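**Q** Numbering (this note's numbering), first residue to last: 5 to 197.
Mixed in with the good hints, there may be bad ones.
As the list claims (entries may be wrong) - Each pair of labels, with its calculated beta carbon distance range:
hint: 1; residue 1: 120; residue 2: 39; range: 16 to 22 angstroms
hint: 2; residue 1: 156; residue 2: 58; range: 20 to 26 angstroms
hint: 3; residue 1: 98; residue 2: 41; range: 24 to 30 angstroms
hint: 4; residue 1: 170; residue 2: 61; range: 17 to 23 angstroms
hint: 5; residue 1: 56; residue 2: 83; range: 17 to 23 angstroms
hint: 6; residue 1: 60; residue 2: 156; range: 43 to 49 angstroms
Quick caveat, the hints were computed from the structure, so don't treat them as lab data.
Predicted model only: the values in this text are computed from it and were never measured.
Even glycine gets a Cβ: it sits at the ideal position worked out from N, Cα and C.
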Amino acid sequence: MFTGIVQETGTVAAVRRWSNLHTLLIRAGKVLKGLKAGESVAVDGVCLTVTEVKGRTASFDIMKETLRSTTLGTLKTGERVNLEGALKWGDRLGGHFVTGHVDAVGVLEKITKGKKYVEFRITVPFRLRRYLVPKGSVCVSGISLTVGKVTKYGFSVHLIPYTIKVTNFSDLKEGCHLNIETDILAKYILKNK
């Protein structure tokens with residue numbers, strides 16, 4: 005379980021590709037302190053199991069289904085990724101409950117820069133729209149955000165300068181793909197209706 009509050013960005017040190025599995029090596033600092041094999045880390049919003057930690061580099065194996073349903077299969081050496089260690093009992097819950105189980109990949113259709121904010125307009129598959137409500141929570145590439153407007157094809161979020169500064173969002177361009185996890189509470193409420 006995570007909160008969607010990114011603790012740092014890491015850098016992809018290497019990607020080893022096989023037919024049914026990729027091994028992702030990520031160089032980081034803060035998130036790796038005290039981390040052991042078997043523990044979980046959210047990498048761009050995807051819950052991954054640490055397979056090895058060597059100094060400032062952690063390894064993660066990524067299965068075929070995760071490669072198919074997230075953006076992790078397209079990562080390249082040198083790219084930055086958002087990182088968050090798993091929530092520990094007693095930690096602050098600054099964002100919202102995030103499982104790290106991505107619902108779909110969205111597309112960053114439009115970036116609008118305003119005075120002291122940036123707006124992202126993101127399209128998502130039709131099936132996700134029922135879980136999106138204005139002022140509700142959504143996790144975009146590991147970042148807990150508040151939904152601004154829900155549109156026919158997706159939603160918008162407004163970002164403060166701090167969020168742009170401490171995440172990989174400053175690297176993004178229109179047309180790029182983003183991991184989207186809708187609010188787990190909305191899923192449970194709608195499932196039981």
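**Q** None of the hints should be skipped; say for each whether it holds.
**A** Each hint tested on the structure:
no.: 1; hint: 120 - 39: 16 to 22 angstroms; result: violated (35 angstroms)
no.: 2; hint: 156 - 58: 20 to 26 angstroms; result: violated (48 angstroms)
no.: 3; hint: 98 - 41: 24 to 30 angstroms; result: holds (27 angstroms)
no.: 4; hint: 170 - 61: 17 to 23 angstroms; result: holds (21 angstroms)
no.: 5; hint: 56 - 83: 17 to 23 angstroms; result: holds (20 angstroms)
no.: 6; hint: 60 - 156: 43 to 49 angstroms; result: holds (45 angstroms)
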